[in-house]
Each structure stands twice: as C-alpha cells, then as structure tokens.
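Chains as they are written, first to last, in numbering that gives the first Met the number 0: chain A, 0 to 438; chain B, 0 to 438; chain C, 0 to 438; chain D, 0 to 438.
Careful: at least some of the hints might be erroneous.
To be verified - Label-pair distances were calculated between CB atoms; the ranges are:
{"no.": "1", "chain 1": "A", "residue 1": "119", "chain 2": "C", "residue 2": "330", "range": "36 to 44 Å"}
{"no.": "2", "chain 1": "C", "residue 1": "56", "chain 2": "D", "residue 2": "1", "range": "20 to 28 Å"}
{"no.": "3", "chain 1": "B", "residue 1": "346", "chain 2": "D", "residue 2": "39", "range": "54 to 62 Å"}
{"no.": "4", "chain 1": "A", "residue 1": "408", "chain 2": "B", "residue 2": "340", "range": "28 to 36 Å"}
{"no.": "5", "chain 1": "B", "residue 1": "348", "chain 2": "D", "residue 2": "119", "range": "28 to 36 Å"}
{"no.": "6", "chain 1": "D", "residue 1": "23", "chain 2": "C", "residue 2": "330", "range": "38 to 46 Å"}
{"no.": "7", "chain 1": "A", "residue 1": "162", "chain 2": "B", "residue 2": "349", "range": "25 to 33 Å"}
{"no.": "8", "chain 1": "D", "residue 1": "209", "chain 2": "C", "residue 2": "155", "range": "53 to 61 Å"}
{"no.": "9", "chain 1": "D", "residue 1": "151", "chain 2": "C", "residue 2": "56", "range": "19 to 27 Å"}
Stated by the list, open to error - If you want a taste of the chain D side facing chain B, the calculated C-beta under 8 Å gives, among others:
{"no.": "10", "residue": "142"}
{"no.": "11", "residue": "146"}
{"no.": "12", "residue": "150"}
{"no.": "13", "residue": "151"}
{"no.": "14", "residue": "229"}
{"no.": "15", "residue": "234"}
{"no.": "16", "residue": "238"}
{"no.": "17", "residue": "239"}
{"no.": "18", "residue": "285"}
Rather than coming from a laboratory, the hints here were simulated on the basis of the structure.
Beta carbons are placed, not taken as given, at the ideal position from N, Cα and C, and that holds for glycine.
Protein chains: 4
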Amino acid sequence: MKYAIEKLGDATVLSPLGLSLLNGDGIANFIEDSKRIVVDANFSNWHQYHESGKEPDTFEAAGPREKIFFDPATVRAAIVTCGGLCPGLNDVIRALVMTLHYRYGVRDILGVRYGYRGMTLHYGGTAIPLTPELVVDIHTRGGTFLGSSRGPQSVVEMVDFLQRRSINMLFTLGGDGTIRGAIEIAEESRKRNLNISVVGIPKTIDNDIAFIDRSFGFSSAVAKAKEIIDAAHAEARGAPYGIGLVKLMGRRSGFIAARASLASGDVNCVLVPEVKFELDGNNGFFKWLETRLEQRHHALIVAAEGAGEDLMANKNNTRETDASGNVRLVDIGIFLKDEINEHFKKLSRDVTLKYFDPSYLIRSTTANAEDSVFCSELAQHAVHAAFSGRTAMLIGTWNNHFVHLPMSLTISKRKTLDPDGLEWLSVVENTGQPPRMTN
Amino acid sequence: MKYAIEKLGDATVLSPLGLSLLNGDGIANFIEDSKRIVVDANFSNWHQYHESGKEPDTFEAAGPREKIFFDPATVRAAIVTCGGLCPGLNDVIRALVMTLHYRYGVRDILGVRYGYRGMTLHYGGTAIPLTPELVVDIHTRGGTFLGSSRGPQSVVEMVDFLQRRSINMLFTLGGDGTIRGAIEIAEESRKRNLNISVVGIPKTIDNDIAFIDRSFGFSSAVAKAKEIIDAAHAEARGAPYGIGLVKLMGRRSGFIAARASLASGDVNCVLVPEVKFELDGNNGFFKWLETRLEQRHHALIVAAEGAGEDLMANKNNTRETDASGNVRLVDIGIFLKDEINEHFKKLSRDVTLKYFDPSYLIRSTTANAEDSVFCSELAQHAVHAAFSGRTAMLIGTWNNHFVHLPMSLTISKRKTLDPDGLEWLSVVENTGQPPRMTN
Amino acid sequence: MKYAIEKLGDATVLSPLGLSLLNGDGIANFIEDSKRIVVDANFSNWHQYHESGKEPDTFEAAGPREKIFFDPATVRAAIVTCGGLCPGLNDVIRALVMTLHYRYGVRDILGVRYGYRGMTLHYGGTAIPLTPELVVDIHTRGGTFLGSSRGPQSVVEMVDFLQRRSINMLFTLGGDGTIRGAIEIAEESRKRNLNISVVGIPKTIDNDIAFIDRSFGFSSAVAKAKEIIDAAHAEARGAPYGIGLVKLMGRRSGFIAARASLASGDVNCVLVPEVKFELDGNNGFFKWLETRLEQRHHALIVAAEGAGEDLMANKNNTRETDASGNVRLVDIGIFLKDEINEHFKKLSRDVTLKYFDPSYLIRSTTANAEDSVFCSELAQHAVHAAFSGRTAMLIGTWNNHFVHLPMSLTISKRKTLDPDGLEWLSVVENTGQPPRMTN
Amino acid sequence: MKYAIEKLGDATVLSPLGLSLLNGDGIANFIEDSKRIVVDANFSNWHQYHESGKEPDTFEAAGPREKIFFDPATVRAAIVTCGGLCPGLNDVIRALVMTLHYRYGVRDILGVRYGYRGMTLHYGGTAIPLTPELVVDIHTRGGTFLGSSRGPQSVVEMVDFLQRRSINMLFTLGGDGTIRGAIEIAEESRKRNLNISVVGIPKTIDNDIAFIDRSFGFSSAVAKAKEIIDAAHAEARGAPYGIGLVKLMGRRSGFIAARASLASGDVNCVLVPEVKFELDGNNGFFKWLETRLEQRHHALIVAAEGAGEDLMANKNNTRETDASGNVRLVDIGIFLKDEINEHFKKLSRDVTLKYFDPSYLIRSTTANAEDSVFCSELAQHAVHAAFSGRTAMLIGTWNNHFVHLPMSLTISKRKTLDPDGLEWLSVVENTGQPPRMTN
C-alpha cells in the first residue's frame, strides 16, 4: 500500500532551485514523485509478499520537486513552535528561514509568538517578521526564539489569522497535540478553499512519534542525559553504599532512558514504561539492588518517568488525595527514592541515595552537531514539501531515508521500545540487569 | 539475492544469555537466522521486482542466537586495533570485553598491542590480558588503549600467534587494509582447520566503507570538525576580507566535510572529491569567491583532503620535484591557501586567510554519546556473531538495522557522496554555493 | 604579625628535588622560610602602619624547602577525602600521589576509603595502596576515587590507625568539619609524640573558607552553574511570562550564585544570604518582578540556598511541623517557587515558572582546566609543606600567592560576600537589579 | 611610590549609580580615590621598608566613583578591537555596551570596524551604533563582533575621527601595539584640548603584559590548549614510540604552554622561551627523549613558539634564504619535528611523531565562565574609570585586586615566566622533566 499525501493541487510552476534530473552531471537532482521508501525493511518474508502479490507498504520520498505548486513570489510563510522545549527548535527555525529566503526567494516570513496561542484573535498581533539577519545566531542558544505554549486553540481563529495575513504556508513544530491542531487547520483551510500548505516537523524529545526513526533533539537530549548519569555515577561511587537515581523523560516510551544508559556504560538498571517490574519478591527490584550493593558497594539506576505506573497505582490507592478528592499521582522518581530509602531502613542498612531530576535541563540544551545537521535537513525538506503543494503531512526519516508522512498516520499510535527487540536487548546486556524483574 | 555469511560449523550449544523466543513475555528475544534486511529501501520499482520474480538483495540481521557454535568455557578471544585513530575505539574495546566477560562468561581476553604488528613473531609477546577492571574507564580518553600501527603483516605469523595461544575469536577494528588482513587470517585459519571466528568492526572516520550507513566515530568527528569550522568562522569574520579555510579528512569521500558544514550552518562553500570544480573562468571558484567577499566581506570554505585532485595534478606537472625527481604531491589545503592568496595578490586586493588543518585533533577525540551507544551496540553484535560461529564478516548498520556483512563485499567498492543525491543537495542548499563550479 | 605554622621539628634532611637557591641559573628555586605574603594588600593606610611601627600581618609563603624534616625513604603517606563532593578531588589525589612518588620517591601511599570513617577501627582495613598507574586517569571522572563520608569520628581510633600503620603524613581534603578533625588528629599525635604531619587542602565548593582567595573546584562549579542558568534562561524565554528560577549552593555565602550569574550575563536578579531582601512592599522583590515581567515578558532569577532565611523563618512559624513536632525547614528554592506562583495567582496573572535545583550535578562534575592547574599546584605545595615538617596547616592562595595557613585561623570565621564590596557591586551592575530590595 | 593616573579634570558630577559610601547598609559602595593596592605582596623585607621610610609601590584601586567627570547625557563612547583574536573580546564589548547603556544611561555608543583602521579617513564611515539588543548574544561566538586588524594608523586621522563625531570616551581592546596607539591618541587629544578619556582593556592571549596578574582570554586559551594536548596524548599513546608534539602561542613568554601542560598532567616536557635548552649532549633534550621512549614507549612534548630561538638561529645560518636573500625564520614546531625525526632516523629507530599547531583554534574559541566573569568585571571598571575622567590607563588585576595602571608602565617591560619561580617549578615537578637541559 502506498501511503498517500494530500495535495493542494497540480504542481505547474518550475522550481527556482536550478537542480537537474540527470545523473552524472555533477548537479544535485530533483526528486521524482514516484520515489518511495519501504516501510518494513525486514524481508524475512519476501516470498509471502511475492506470492500474495500484495505490494509492500511504502512512504513517499522527500526532496525538492522540479515542478512546484506555489509561485515563490506569492508565498507568505509562517512558523510556529508549540509544546515543551526541545533541543534544535532554533536550528529548525533558522533553517526554514534560510531555505525559504535564499533558496526560494521568499521575503514574507512570519514568526508566530508563543505557539498556537499567537495565532488567536487576542495574541495574533504579536507575530514578528523573520529575516536571515535576525535568525543567523539563534541556534547558539537553547529553547525557542519564538516562544511556545501548550494547549489547543480555536481552529477558526487560527485560520482567520492565516487568511487575514494571506499566509499560504504554515510550518508547525510540535508533537501529538500540535499535529492534531495542524490537521484541523488544514481541514478548516480546505473548507474555506484556502490553498494553505500545512507541513509539520515532528517534535518529541521522547522520540515516541510513530513511523519516525528518530526525532530532532533526541540525540542532544541523550547526550545531556548521559552527562547527568555521569554525575549520578560520581555521587554513587562517592559514598558508602551510594545509590545514584536519575529520572529521565519518557511518559510512555523509555527511549531516552535506554539510550542515555547505553551511552554511559555505567548504569546498572534501567526502568522503562514498556517493561514491567516488581519491587518485592525473590525476582524483584529490591532483591537485585541488595545484591548489587553487597557485591559492588554502589548502584546506578535510571528510570523513565512513566516506568512502574502500576506500582504507584497500588500505592496511590492507599495514599493521599488532594482537596478535590483526586488521587495525587506520585512521581516515579520521588516514589522510588522514598521506597528505596524505606526498604533499606527496614533492613537497618545505611545507604546514601542521591536523586536527579534533570528534565528541564535536558530539553533546554542547544542542539549537538548530529541534531544540527538533522534539523537543517528536516527544514529543507519541509520547505520543499510545502512548495510542492503537499499539506497535512510531516517530514520524518524512516529506514534512514527522508519521507513524507500523513499527519493522521503518525498520531494513530505511539512508538514504544519493543521489550522483545534489539534496542532493549542492548540495554539489558549493557547494564547486566536481570532480563526480567517480576516474580 | 541473499548475501551469505561464512560459518565455522553448526551452532549446537545453548546460549547462556537467558533470552526468549517469545514475543510479549517482557524478555528480550534471540534473533532468528532467517531475519533479513532489504538492501535497497527505495521501492519505486516494486512491480519490476514482483514481475521478474527476482528476490530483492538482503543482508542477514545481526543479534544473539539461541544456539551458538562456541562453548563459552572454551573461548579465548583477542582484540586488535589497526590503522589511524578514530573516536570510539576505546568504547568498542571496552564493550567487547564487558560483553564477553559478563554476558558470555569468557575469562580469556587478550589485547594485541599496536595493531597487526603485535601478532607477529617479533612483537607477539607484548599482548596483555584484558579485564573489566582494566578497561572500565578507558573510554574517557581518545585514541586506542591497545595502540595501533599501519601496514600489512605476515598472515602466517599472525595465524601462528592465534594458534599458539589457542585463540578462537579475533575481533579486528580497522578499515580497508585491516579487513583485507582479516580475510587472509580467516582463510589461513580455514586452511589449517582452525575454528577461528574473525569478526570485524569497520573503522573509517571518513565513513566511506560500502554498505554501511555510518561508521563509529563519524558522529564525533563531525562534531569536532564543526568546532573547528566555528573557529575558522570567527577568524573569517574577525578580519577585513577574512577567509577561513578548513581542510578536513576525506581522501575519496567528502562525508565529514559535507556533514560538518551542514552542522555549522555558516559555511559558504564545500569542496569534495566527488564533485569537480574549476578555479578560473566565469563559473569558477575564484569568481564565486570574489563576489562573496565583495558582498559579505568574509568567506568560510571547507575542503575535503581529496578535493580538486585534478587541479593539483596540472599544477604538479609544472612544479617542484624532490631530490629523487618525484613530483611532490601538493596538499589541497596548502594548495588552495596558496592559490587564493596568489589570486587576490594579482588582483591587488588584501585578503586575510587563516588555514586550519585539524585532522589529528579530530580523530583523537573521545566518542560523543551518539557514538558511545553505537560502539556498544556494534561490540555486542560482534560478540554474538562470533559466538554463532560466523567469520570473515563485519558488523554494520544498513537502513537503520544491524546486519552481518561479508568482508569481501565491503571492500569491493567504496562509499562516496552521491553528487546527484539528497545529502549533497542539502549541502548545496545550506551553503548557497553554485550547484556547479565548472565552465 | 606573622601568622605562625606549627612544626614537628628541625628540617635537617637535604631535599631530593635538585633545585637551586640561585637566581638566573635557569633552575627553579627552593623557597626560603623567611618569604611572607602580606594579608591586606589594600595600602591606603600605609602611613598609619609606618607611624605605628606595627608590622603588617603576613602569611608564610608555600613552596619546596632546601632542608626538609622527613627522610623520603621513611615516609608513609595517607590521603583522605571527607564531606560532600567537589570538582577536583581526583585531581588533587592524583597530584599528591604523583608528587610523592616521582618527586620525593615515596613508595608507601595509602588511600583511605570513605572519609574519616575509613580510619576507624571498624573500617580501617579497607584502605588501598595508591600508585601512579592506579590514579593516572582518575581525574577524567568527577567525584572522589576514594569515596567520602560525613561526620566526625573518634580521634583516638583515627590516630591509632595512623600509628598502627606507621603513617607520618596525612593529607586531608575537606571543609570546616574536616579541618576541625585534622586539628584534633594533629593534637592527639603530638600528645603521643608521633611525628605526623597533617596538611589540609581546603575543600569548599561554596568558596567560603576564610583567608583563601578561592578554593579548588569553585571555578568548575561556577562554569557548571552557568550552564544551568543558560537552561533556565531558555525556559524563561520560551514561555509567555516565563520565569526561570535556579537555586545554587551557598548556605552562608553567595559566591557561586554571584559568580555564575556574572558569567551568564543574562540573570536579572541574584539573591544571596549576605544581602537581605523583602518580598512585599514597594521596594520588594515582587514589585520588581511584576515590573520586569511587564516590560520584558520573562525573568531569570538565581538564589543561593541560604538566601532569605529570615523570610522563611516567618513562614515557618505558621507552617507544618513534622511528626516529632519540629518545624519543617523550607528550602529557599521551593519557597520562592511557591510564593511567586501564589503571588501571581492572586494577581490573576499567568506566569510559567520553571525551577532548577542542580546542586548534585554541579558538585560531581570534573574539574575544568583552571581547577586542574590549581589542584596540581595545591597538591605539590601540600607535599612540600608536609616534607618540611609543618603540620596542622592548610595550603591556600592569598593575594594570588600560595601560602601556609594555620588550620585554626581558617575556621575562626567564614568568608562571605561583602555587600559593600566590588564583587557584589559587579553583580548588581550586571543584573540591573535594585541595589536594595527592602522597604 | 604611588603610580599616578592621568586625569582629564576634576570630578564634579554626581554618579547616577545610586550606590552608597556607608558600610553595613546592604548597598554596594563607591570606591574612594585613596584606595591603593600594594605592588609587591612579598613582605619578607618589611623591616627594610619600615626603616627606610620609603613608601611601598602601590596602584590605584579600580571601581565606581561617587563624583564623576562626565555628565552621562553628554557622553559619546566608541569601542575598538585591535590585533589578533582572543577569547572574550565579545564578552568585553557586550559588557561595555550594557554598562554604558543600563548603568550610566549612555545612548551613543559606536563600534569601530576592523581595529584602528576603522578610525582612519578612508574607513571611518564603517562604524556602527551599538545597542543592548544588537550585542546581547554576541558572546556565544568567538572572535570579535567588530572585526580587527593589525598595524599602526595615523594618530591625526584617528583623533580627527573622534573629534568629528564628538566622541569623549574611547575603549581600546588590544596588546602592546594597541596600547602604544592609545597613548598617542590620548596625547594628541590633550594637545587639541579635547576631553577624551582613553581607557584600555589589555588583551594578550600570551598573558605577557607587565603588572597584570592575568589577561582576559588566558583561562579559555589554556582550557582549549589542554584539549589539544589531550589529543596529542592520544596520538602519542596510539602508536609504537609515539611522540605528540604541540606548539602553543608564546613568542616571549611561555605561560600558555606552562599552564596548559599543568592542566593536562600528562605532558612530559615543556619548552619555553624563558628557559634555555640544548638538543645534543648528555644533558640535552634528545638524550632525555631517548630515555623516555625506551622506558615508557611514548612522549608528549609542548613547546611555546618562542622556545629555542637560539638553536634555530644556528640552524638558520646554514639554511635556506628566500628570494630576497633573507634568512627564512624557522618555526620552532616544524624545526623540532624535523630535528626529532632526523635524530631518530640517524639512530635507526622508528618513531611516530604527530605535530599539532592549534594557535588559530585556540584564540578564536569562546570565553569560558571564568573569563566571562572577568571580562564583565574589566568592562565595568573600564567604564567607571572613563566616567571618572581618567585616561591613558589600563584596567588590570594585581594581587587579585582590580587596579588602574598607567599605560606607559605596562609597556615598559614584558611579563615572563620566572625560571626561578614557583610557576615554572610546578611545571618541572608536574612533567618530571630535568630541571636543566643544558650541558
């Protein structure tokens, strides 16, 4: 099956990029619409495919097209960043502006302030014109030059904003919620017969958007998280029966915890939402920790924030409720810290636990070189996609190729760490933790 | 076509890893021999395949096997690092030792000193036993803990070395020459009926080994190169008509130059071996540089060491010969520096050119987090492959999956930057340099 | 007045260092006992001195002596690290070992595990012999290679430990409490007629030990704290009415908060224990913050942990007590975070406050180059001092010169930021905060 | 003797800073003109002073004055950066602008482009107005935002430039040559009865300006140099008989070489201009190197660029002359590299020497936190000094206090490493190199 991308109309304008369609002329090529990337690179079952005659699933390849939909002279673009901070936001903004300006000659680029909020009636006047001079150095700082905010806004007001300012390209940088908003904006624009291309650059520091190899900022987040783990390691080794406990981002997916622990090479146990564990019992976490401390005198533990939710649910039953009677959800980091301390207190064994909760620190770091390259490429492909008239789509990489992804597909499910897969295996091998910590 | 991997014999021993073959049990899985990864993920031509009935090319997937060839109790492993330095060598050494020791229980691990030389008769006695304690912190330093050297050695002496010490697993970290040596060692072992598994971890800071998405150390090298480019940028901006010129590694392939320039976002022109350019003429490099300096007062140029070889060949004809009458090969960096200075001198225009040649600095840096993860995974898969009885193969990633590659295949050609491809296109778009600088 | 340093006896042994006493021979010189450094470099009141005939206060200069007290062949040294982590501990340990081993030929060096605790009867057996090979790379990691612990131990047991092992040099790395312990050890040794030189390298990440220009690790701590402030800045700028709030170390002295804020250049308000402030009122902190947010839409605030204690005391009166009825001391960071949020809630104004508490992260970082040099010098001078037979003293720098300080003097008072001085002035000028925030 | 600072006239305007003169009021204080810092903190010879009645030499303390010379409303300031790049230039520019603008309310600040050249008739029109918005992020990049150039310019034209634009404060960032130029500008202004305050912030990456504890950028340069040394160390350890050779800045003074080697802790030999050495003979460098390689199999050497000039002079006599017959001066790095290779070739011993020449890389780096603080303080004190009407002076630190230095004094001699002093001693102890390498 060929995953289809929505288009505003026929592409009839000649691209100003000056590339070629010829191989071997030393000039980079336009990409043909027919180029497609296979979804499942695992070809163990080729014969099955062949015999069934069923076409393997494929995504459309990204890249500049020879014929484009928009006449560059008529383009007014807008950029908006939504949700939490993520390394590389400024790199993407910068590269969008540079590509629009220098490659396609777009002179009208608007920066929306503080997320979707900045497109509403009340705040719509705060948007600022973006130029190469203004954005040339913004990537030397973390965060987002445009500001961000959370939460949905009136789609009517947002499309009013675009319509009023004759904007025909909207680049949205954000995660799940932002993508949902972008889909609505694309729909509302279609209803109004506005030719607005809505192209998203998926932002998720947790790397948990489906059908995307990796998201920008993830490499930088892992690198920063690794630094924190190093610090926790020093604390663990520095005290008698020292325990370093690091909580990292990852409400549903443990990618940062897993990769950062692999990067460190010093972590003894990684806890992620995808793999259940128990605290008590012969195969439980506490038993493992007791043994570890006895043998090696220190322990280094990394927990993704969504790990062990079932354990806390149990605890929560018997715990505090807030004024409205709602169970107060306990943070896994604080929870583990308290449980570990309590456990060893009961055993009358002195341990020194140091707890690290570095989330804001990680997400606000600048992009590393790996992400800078990636952000630059994502932005370029987003601009090419928008110029080709595509809409309601994301730029992503899949099997190491840049592709166009229907927005609706990417929010249909969430990418998680496969407990049966190679990546988790590497973690288990690297830490030496028990393959299973349930009884 | 299924690319086949040579095996020493049937795998009949049960793996000690304690993994499962079941999905959904929360325990990471063994990998089945039948799992294969498609070579060409571009499926534009699916129907062609389907109609021809020709099977798409595939590589064998890497990963731990349930049944292995070697009884861990009998394994004696050796590790050797060859050729120039590369970020991550110590990470790979460390992870090999950790995986052999902790996962498979191997207690005999030998570190060969100073490359293949350390396996020869003369130097064979210098090898050192490797333990987790010894290697636990080596990745905090660049270079190779074992030392390295260049050049081929007597295959007979090297296999004598392995035979004499009853070594049955050899892990080779090196590039082209090292892989050729490893193939010979595997062949000679086979002739002698020695069951020695020879598994390579491909090392090429230039990222130019065929059928490998990326090589370890490449990410770190790009990050370091980006720092140098930042410095050259400061020099270029700091002087009237300042020119920053950075020579980076890449004799045949311009990957580091291309990626580091993308990471910087400030480079104005990238010169690589794969894309020809001329100095003179209306479309030439000098004309571009003159315009750039006039308009923006500074310029930042990155050249891969193999760029412009044809230009230097011409120059070399009319230039100095050394004492023995050999033409003295000119370095592209020095060459460009001299030519640019000469050119503007002729035009009576003052320029201030600062030249950077940071190769040793780049290759001797420590691995960044991205590479640390990757080195750890490569080492784990190398150990799994060796235990499964595979030999004369490399561990690599292709289409984002870890695979087994026949050594002979990877040296059959060299990976280069495709001048018609997306990666080069991104560079051209990012720098704004002319798509073609020939007349 | 000449501050005197206690000595074990006459120095009669010729130093093995091979230095000279001659200027101009190109060989570094021994330092003469008569060299002294003035305490107060401010000479506004020279005439007063001169007329009174009173000698200005001076410290003894550090450095290697030509005649030493201990015969190197008889020396058994021990090193102990106490209290919280601090960048550079491993650099000092390494340099102590290197200087003892290579410069003075000492072959018996003992590393005490986990602070003074490791010198007690129960744990005294855990000490490990230190060699150059063992410590050569330890400075690439943060923390302390030897481990540390808090709290006083039996001085009798500790001197028993030294006596039993014939240790005649003890190097103590620690702060106030450690120095007090060291004084007791020196006294007890004297009572037992043991010739044990006890030399301290003052460790205080807060830089608050009296008569010491700066302490090792302070530069690294400031650099790391600056990184956190950068992150908080990104968070503040990234949200509508964003507030970044960073709590840094400094219970009694605000040096880290002050210096790190200066290093950042982006901080808008620094709160330290030495300068009182009020929250309410026309000149209070809240009024300032309201104005700042109105005008600039974000604010970046740094608070030393000991700031505003009087404010919390008031709050604490009316607040929670724990199970035992003790008032629960509120953390300034949490306190300010809550108060600010409450304040703006009352005003019905949305603010987005992100709180950073990075203490463990800062203290466990590796030493930067500045501190590496400093640690190396401190360790060398500590060894010289011990060999010269001095005891109950610290190595420090004063007016940019290395000096010997009587231990008792350094704990007689605490160094604090002078609210009337230049350093605080620089902060006020840099942040633009009101010189006074009291009514 | 009191070193006197030239003043433009009486200070009669009340400072707008809002500080106090009272101690204990919690408001930072103005500094009184009478505050002075002693030049020689070594008080071994106090009695001599006392008996002679001779006043010890002192410098005037820096800091804001209660009464100032210039009415802020009338101030037009200019900033110029001259000579080679140095870390921190942008930090100083930024802090000058911030202090002038926010503290004293100056609205006319001019940035001179490309050094003194930008004040000449031909280029005088290129200067740009500086505002807080423009400079707020410039310190995230190395180099100088204003550009720089070398060489003297017509003092008449430069003062014309100042006069034409009614500039009454000139801040010069530069070394020896720049200071000489600034003295001339101050003199010429005086002749023309112009009240122009010329205040210099001394810039010397070599840290070789007299009467200045340390210069801005030095700490960052040392830190970067240490990174290069780490790389050379990896290369040295990575090859059989590997030699890492690093040339660092320092034509007359070996401070960077000395400090960076101390910071590394891995260097085996440091060569500086201040300490002579010979290559041959029993006590020569080669003999030491042979022994080192035999015993430890690798060696790490750091040479300041001005080291061994006498050796090269000999060599130069017998070497190449250029087209005009001038002896071609040999670079110490290249010279040593060639000599070492030749020497071991003669001995038929294989060595692998890797040579590093990182000067541009070091000087173009960004300021570290240590230097950021320092640059900020220097700039603040420079503005205070200018407002107080002082001229022809530099801001520096001496004995850890900020002071005013007469420009003429600082160029009267050069600061060098004292071969008999503690700093060089630390190097000798740290490297273990022979105290003397002459025969």
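Quick rundown of the hints versus the structure:
1. Between residue 119 of chain A and residue 330 of chain C the beta carbons are some 38 Å apart, a value that agrees with the proposed interval 36 to 44 Å.
2. Taking the beta carbon of each, residue 56 of chain C and residue 1 of chain D are about 22 Å apart, inside 20 to 28 Å as hinted.
3. Against the hinted window of 54 to 62 Å, the Cβ-Cβ separation of residue 346 of chain B and residue 39 of chain D comes to about 56 Å, which satisfies the hint.
4. For residue 408 of chain A and residue 340 of chain B, the Cβ-Cβ distance of about 55 Å falls outside the hinted range of 28 to 36 Å, so the restraint is violated.
5. Evaluation of the 28 to 36 Å hint for residue 348 of chain B and residue 119 of chain D yields a failure: the beta carbon distance comes to about 18 Å.
6. The hinted window of 38 to 46 Å between residue 23 of chain D and residue 330 of chain C is violated, with their beta carbons roughly 29 Å apart.
7. The beta-carbon spacing between residue 162 of chain A and residue 349 of chain B, approximately 53 Å, falls outside the hinted interval of 25 to 33 Å.
8. Evaluation of the 53 to 61 Å hint for residue 209 of chain D and residue 155 of chain C yields a pass: the beta carbon distance comes to about 55 Å.
9. Between residue 151 of chain D and residue 56 of chain C, the C-beta spacing of about 47 Å breaks the proposed range 19 to 27 Å.
10. Given the 8 Å rule on beta carbons, the hint for residue 142 of chain D holds: about 3 Å separates it from the nearest Cβ of chain B.
11. A hinted interface residue such as residue 146 of chain D counts as satisfied when its beta carbon comes closer than 8 Å to some beta carbon of chain B; here the least separation is about 6 Å, so the hint holds.
12. For residue 150 of chain D, the interface hint is violated, the least distance from its beta-carbon to any beta-carbon of chain B being 11 Å, above 8 Å.
13. The closest approach between the C-beta of residue 151 of chain D and any C-beta of chain B is roughly 16 Å, which is over the 8 Å cut-off, so the hint fails.
14. Because the smallest distance between the Cβ of residue 229 of chain D and any Cβ of chain B comes to about 7 Å, under 8 Å, the interface hint for this residue holds.
15. The criterion of a C-beta within 8 Å of any C-beta in chain B is met by residue 234 of chain D, whose closest approach is roughly 5 Å, and the hint holds.
16. For residue 238 of chain D, the shortest C-beta to C-beta distance to chain B is roughly 7 Å, which falls under 8 Å, so the interface hint holds.
17. Among the interface hints, the one on residue 239 of chain D holds; its C-beta lies about 5 Å from the nearest C-beta in chain B, closer than the 8 Å criterion.
18. The closest approach between the C-beta of residue 285 of chain D and any C-beta of chain B is roughly 23 Å, which is over the 8 Å cut-off, so the hint fails.
The structure does not agree with the numbered hints 4, 5, 6, 7, 9, 12, 13 and 18 stated previously, though it agrees with the rest.
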